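My request is simple: use the sequences and hints to build the entire structure.
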Amino acid sequence: MVEYYELRELETKAPKLFGIPTGTKLDEMFYKIEKEGDRYVRKPLGGIPHLSVMNLTGVPDSGKSVLAEQFAITQANLGYKVLFVTVESPAHFLYTALKQKSEALNANFEKVEKNIVVIDASENDELRENPKALMDTMAYAIKEKKTTNTIIDSITGLYEHKEVMARQIVRQFFNFLKKFRQTGIFVSQKRSAQASETAEAAGGLAVAHIVDGTIVLDKKLIESRWDVSLYGLPIGSVLRTIRIDGCRLTGHDSQTWVFEITEFGTIDIIAPLNEYIKSRGK
Amino acid sequence: MEIIAKPKGGNVDKMAEKVFLECLNILGGLRKLVEYRNLTWLPSLAEASYVIVLKNEAFKTYAEIAKELGITEQTAKNIATADETKVKKYLEGELEKPNEHVAGGIAKLAYKKLKEEGRLDEEEVVIGNEEMEVLDIDWAVHVLAKIKGLDFPVGKDELMERLKGMIIKGKKIEDILESLEYPIKTPAELLHKIKEKL
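Line by line, the protein sequences give chains G and S. Numbering-wise, the working numbering puts 65 at position 65 of the first sequence, and it's gapless, one number per residue. For any residue, its number in the working numbering is found by taking its place in the second sequence, counting from 1, and adding 1000.
If you're looking for bench data, these hints aren't it; they were derived computationally from the structure. If you're wondering where the values come from, they're calculated on a predicted model, not measured in any experiment. Glycine is no exception: its CB is placed at the ideal position from the N, C-alpha and C atoms. Please note: incorrect hints may appear among the correct ones.
Computed beta-carbon distance windows for the label pairs [as the list claims (entries may be wrong)]:
id, chain 1, residue 1, chain 2, residue 2, range
1, S, Leu1039, G, Lys145, 42 to 52 Å
2, G, Lys99, S, Lys1113, 43 to 53 Å
3, G, Lys145, S, Lys1164, 58 to 68 Å
4, S, Tyr1182, G, Tyr140, 51 to 61 Å
5, G, His209, S, Ala1005, 28 to 38 Å
6, S, Leu1042, G, Lys111, 47 to 57 Å
7, G, Pro90, S, Lys1115, 30 to 40 Å
8, S, Gly1118, G, Leu17, 30 to 40 Å
9, G, Gln168, S, Asp1083, 12 to 22 Å
10, G, Tyr5, S, Arg1037, 48 to 58 Å
11, G, Tyr140, S, Asp1083, 30 to 40 Å
12, S, Leu1042, G, His209, 39 to 49 Å
13, S, Leu1042, G, Lys114, 49 to 59 Å
Stretch-level coverage of chain S by chain G, calculated; a stretch enters the list once three of its residues show a Cβ under 8 Å from a Cβ in chain G [stated by the list, open to error]:
id, region
14, 1005-1019
15, 1048-1061
Written out as structure tokens, the structure reads:
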């Protein structure tokens, strides 16, 4: 077994840096720097970095699953195979959600249906409680169906009642996706005591420390005159935000952006929060 | 949309079985255990094999392992944290009996070997010829269970007393025992002699 490499030996093994589209404005928020003539220019990556494993975290109903599903539909519609591991929502509910969203996104549902493979861990204790069983099943799906993208919604569901094991379990799944060359998304849930705008989630910072990057989704209830004045939204409404908290593989926009979940259940990222406030606030 | 709702692997029982059989290999095979009359180690090795698999493959907590196997959390922890290098030296006669869970250390050695060789994930359980010779016939297990605690070498009368009433592959054990030569020196010799008469 090789125990060390000289840096130059890794050149051929290093993955190429390009984006895997999510079907949202996030695709423009990851970028790389390239030299053009004498100057360096920022070029949008066009998606989350290829072969990265990204963490989507946020409080309940902040849009994590919506974003994960939109990513799955976008990829499947482009002809790429997606493995969707559903830990929370039973597969038939996922089917309905994907069908509705496909229509809203003008995606070809026949193609989407053909290109998405689902592992339903929500209704099978063995798949949920035994990571080895789930990984073997995922390996089967990846090899047999030749998937290139994997979504686990949610990774938290795999250590729900034993957060002390979070680091070990997340590490195993992270290594697994790397081994099988998957671009991955882990959806992770926050606990009530965790600040909603941070990368922290169930299991502490375990997920955030291990994965390649974290995207934080948040929501704010407009509940005071100050909020009404600042955000220009009616009292009782909800302001949703999204932010790339970090990514070790490539550059990224670090602003907080405002987004909406449309009536069709899709994500529409609108503007950076500061610009949004300037345009709407009084 | 294809939906996969059942696991395609990761069978804890099969993995524990492989670790258990590898433990036997490490100890020189089942025959060695029979010859040295160390069959009482088997339950501990089986238990330790499960603990190691549940801990390292199924990522169970000590509390979950204890509950599943009906042992204490401390036992599960002792097994999982046994120093396998000390146990290895003990087995090789380089160390006095260490203050470690010996079966735990053996199961860890077996597990590591299987992992390194990529055999833990293989579909089939491969049993060595020596084990097959004894294990593929369930009567052997029953004979060993009935003679447990018997001092060898042993004579016909003692065996008659312990094994009377057994029928092996349609033959009465009394008839088989009548035809054997005595004394019989070890349990393994007994199994072989019975097998020759079947």
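Right, here's what the structure says about each hint:
1. The beta-carbon spacing between S:Leu1039 and G:Lys145, approximately 47 Å, falls within the hinted interval of 42 to 52 Å.
2. Judged by the Cβ atoms, the range 43 to 53 Å given for G:Lys99 and S:Lys1113 holds: they are separated by roughly 49 Å.
3. At about 60 Å, the CB distance of G:Lys145 to S:Lys1164 agrees with the hint of 58 to 68 Å.
4. Hint check: S:Tyr1182 to G:Tyr140, Cβ distance near 56 Å, so the stated range 51 to 61 Å holds.
5. Checking the proposed 28 to 38 Å range against G:His209 and S:Ala1005 shows it holds: the Cβ atoms sit about 32 Å from each other.
6. Judged by the Cβ atoms, the range 47 to 57 Å given for S:Leu1042 and G:Lys111 holds: they are separated by roughly 56 Å.
7. Checked against the given bound of 30 to 40 Å, the beta carbons of G:Pro90 and S:Lys1115, roughly 34 Å apart, stay inside it.
8. Taken as a hint, the range 30 to 40 Å holds for the pair S:Gly1118 and G:Leu17, whose Cβ atoms sit roughly 32 Å apart.
9. Between G:Gln168 and S:Asp1083 the beta carbon distance is about 21 Å. The supplied range of 12 to 22 Å therefore holds.
10. Evaluation of the 48 to 58 Å hint for G:Tyr5 and S:Arg1037 yields a pass: the beta carbon distance comes to about 52 Å.
11. Restraint check, G:Tyr140 to S:Asp1083: a C-beta distance of roughly 36 Å satisfies the suggested window 30 to 40 Å.
12. For S:Leu1042 and G:His209, the hinted distance range of 39 to 49 Å is satisfied, since their beta carbons lie about 43 Å from each other.
13. The supplied range of 49 to 59 Å is met by S:Leu1042 and G:Lys114, whose beta-carbon atoms lie about 51 Å from each other.
14. Using a Cβ-Cβ cut-off of 8 Å, 9 residues of the region 1005-1019 of chain S lie near chain G, which meets the minimum of three, so the contact claim holds.
15. Three residues within the 8 Å Cβ limit are the bar, and the region 1048-1061 of chain S against chain G gives 4, so the coverage statement holds.
In the structure shown, no violation is registered for any of the earlier numbered hints.
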